[in-house]
Amino acid sequence: MARRLMLALFSALFVLYVAGPVLWLLSSSLQMESEITAVPPNWLPPHPGLHNFSAIFSAGDSAEYVNRGIAGFLPSGAANLLPSLYNSLQVGLWVAALNLVFSLTAAYAIAVIDFKGRRATLYTVLATRVIPDIALVVPMFLVIRNLGLINSLGALVVTYLAVTVPFTIFILISYFEGIPRDLYRASRIDGCGHWGALRHVYLPLSLPALVAALMFAFLTSWNEFLFALVLTQNVAAQTLPIIIAGFVMDFTTSFSFVNAAGVIAILPPVLLAVIFQRYIVSGLTAGAVKG
Amino acid sequence: MAAITLQGVTKRYGSVTAVQALDLAIHEGEFMVLLGPSGCGKTTTLNMIAGLEEISDGTLLFDTTDVTRLPPHKREVAMVFQSYALYPNKTVAENIAFPLKLRRVPKAEIERAVAGVAEQLELTPLLGRRPNQLSGGQRQRVALGRAIVRQPSVFLMDEPLSNLDATLRLSMRSLIKRLHHQLKATFVYVTHDQAEALTLADRIAVMRGGVVQQLDTPEGIYERPANIFVASFLGSPQINLLREGLPRPDWVAEGRDVIIGLRPEDVARPGEGLATLGGRVELVSPLGSETQLEVALSGGSVTLRVPKDWRVREGEALEFGVDPARLHAFDAATEQRIAP
Amino acid sequence: MRLRLSYDDRSAAILVFPVLAVLLVVAAYPILYSFWVSLHDIVLTRPLRRPFVWFENYERMLGDARFHTAVLRTTVYTVVTVTVTTVLAVGVALFLNESFRGNKLLNALLLLPWATPSIVNGLMWKWIYDPTYGLMNALLVKLGLLDSYRAWLGDPDLTLFLISNAAIWKQMPLAALLLLVTMKAIPDDLYRAAKVDGATVFQRFVHVTLPALKPGLMLVLVYETMISIRHFDLFLIMTQGGPGDASYTLSWLIYVETFRSLRFGTGAALSYLLAMLTFLLSWLVIRALGERNA
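Keeping their order, the protein sequence lines are chains A, Z and E. Residue 83 in numbering that gives the first Met the number 0 is what sits at position 84 of the first sequence, and the numbering runs on without skipping anything. Residue 304 in numbering that gives the first Met the number 0 is what sits at position 305 of the second sequence, and the numbering runs on without skipping anything. Residue 46 in numbering that gives the first Met the number 0 is what sits at position 47 of the third sequence, and the numbering runs on without skipping anything.
For the record, the hints were derived by calculation from the structure and aren't laboratory data. No residue lacks a Cβ here, since even glycine has one placed at the ideal position from N, Cα and C. Treat each hint with caution, since some may be false.
Unchecked claim - Computed beta-carbon distance windows for the label pairs:
1) Z/Y12 - E/L279: 32 to 38 Å
2) A/R2 - E/A20: 54 to 60 Å
3) A/W194 - E/Q239: 47 to 53 Å
Work out the full structure: start from the sequences and follow the hints.
Next comes the structure, spelled out in structure tokens:
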């Protein structure tokens, strides 16, 4: 009995701590500027509605802006939100797709083939994982600028690829090592080269790890801020976090818009995380036990 | 057309040598068994023949072709694994068809071949199932099917029966023997089970520590073991080895320090031409068809297998006869056989 | 020794080439280039004169008061964040390791902070800390723990800890998940044996759980340290180094020096110092991860 009470208490605290802040953000995003600035605050939206979202999405439309009729300033940057959403999506999908191809081939080679330089390759991959972004960002900026690739989505994609690939390789190696070696041997005997063994044995048998890798790559590029901040300067390549950071740091922006923009950015990753929860957990924690 | 010749084949892992300068000529159509305890290098040898392990040193020939550096998928060998190694995401039919599919055999031909193999191995009703819906014996038959569907000239088997229960092992053993007669292919079979080796092999290579101890027919290995290791590895119960207490065969020089071996079954009632030995019976284990005895001799205790009608009781004294010609003599220092 | 590559070596080279190429271009080359830059006096507003100055940038930064402040702030932030994250994660993992109804749901909920973009995390907590309309003031006053509203992020004594709190909220879940998997791998027999031996709940935690948790704990500690020591996003969004220099960390200093003052030479030198520091700390992790796969 005491145990059940304790568990219930802990569960409540847990939910409050983990979900509370996000629920508060969500609640704020559904309120009008006048409601959100009430003291003491409205815990729940008195008149919940999607008005903030529709205002943001039609920010380019001046009529909508004028007609809002409520105190609240929508910065001109809001018009960039939709294009940046599109940029984020594009970068995320490219990174996820390329990451999968790159890390699949590399992880297969490292986990399965006994080749000269295997150890060196593994250490190189793991080592790049620990270089801090902030230390890379200065030289990256100079390199990309000299190449004239500032404001190109391609530069972002390649950068994120390098940021995500070491970890996804690690996920896949851990998973590959769990696939019985005899299956590989059988496939080689049956007539597969390395490409065939990858295609016929490792690819079909490691779907959970592949999903985890895909998710990780997409979410990382969707959430990334520092490189995007430095490597992009206009709407042609700016991603969602950049536009939202602009919202936050612009003191004239209404809180309701800021919060609504936050909800827009949080939604895709959270949905993906919930849908693919099992794969992500097993992927992220691969190797933790033995490591 | 597939004789396999190993010339000085060596496998090193760092500073450890798993297989040491192995010379072995496997004839075309022969059933060769590599027999030995775990870690003796038999599986490594098989993997090198398959191409699954790189050969550190030496040459491997298939007939007269040097295949030392050839990757496994270019070697045209078939292999059956202890773990069966069936592709879990493919059905039985797809598993069997896989090697043919990779060789771009026309679809109709694949179907015909799969149906034929399934018929031969009694797998026809199982063709649509997946490996996890099969019993161990069925899985091993599928693995065999996947190997024979290609009609390979070289067949490699890595302890294919050790995951099966005793009864199934017997029937699979005869199935494999039958396949060998039908296919007329060269078989290389790895096992640690002496009974499998003795029943299946044309010739056995007994290995230890990466070195072949003896290469001979099953009879030769059993009747004329080259050294103490081979003598004690084959035979159940193990051969009795004593320094004293057993008669010295007349071909052993006087004064030489030797160990005498007596197979448990090589005893009879005392009689003409036999040396007579006596001792106290310490343990009687009836095995049904015969009886196993532990008898204390002057030089140590020995295990004997005698017909059940001997009716011996524990604690009694027993006299029995031994044919000196059936004794084995080994040099005590080198442990090598001293031949008559 | 044969010079011709085997089939395995050739295949591996082809399969590994794309990744190594990307990592070389986007990680290895910039790191080397960065060292080269750090030896020059490069100011972007003066693009034509960029003299080679040896280690002058390093010397100047090591003697700079801002650098000393930044090191202090980074250390405090890292120690607080890592400690609290780890302790909290152990608690959450212990809790989720119990079997009870709804356990799976709570497990899923754990991914919410993990998936939240750090920019949104920053704006969310900034909004919670808001001096007039924020949740924190309202809640504390309502609970009677606070007399009047305060400007939380404006308090130099609190800022660093409040940012740390936001970071902990986002980083704790992964740490908890890692520890949870490690815990789940502890054989039940160990607990049963301890129970039979008469160990209390606390003794079982100390003598069974903690030792078995050690590898996971090491991983979490080093990983969280790596993340915290280089963290940037929250500092930009929430305080921009302020108030005063209350949240002036190393990564913020690098950003200001490089992209506000446009002094790329010193920025690169600072980056290099931070990279070295991180490398030193993560050497452990590479060894731990590498040993398994080598």
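Checked hints:
1. Z/Y12 - E/L279: 32 to 38 Å: Given about 34 Å between the Cβ atoms, the range holds.
2. A/R2 - E/A20: 54 to 60 Å: 56 Å, holds
3. A/W194 - E/Q239: 47 to 53 Å: About 51 Å separates the Cβ atoms of A/W194 and E/Q239, which means 47 to 53 Å holds.
Comparing the model with each numbered hint stated earlier shows that all of them hold.
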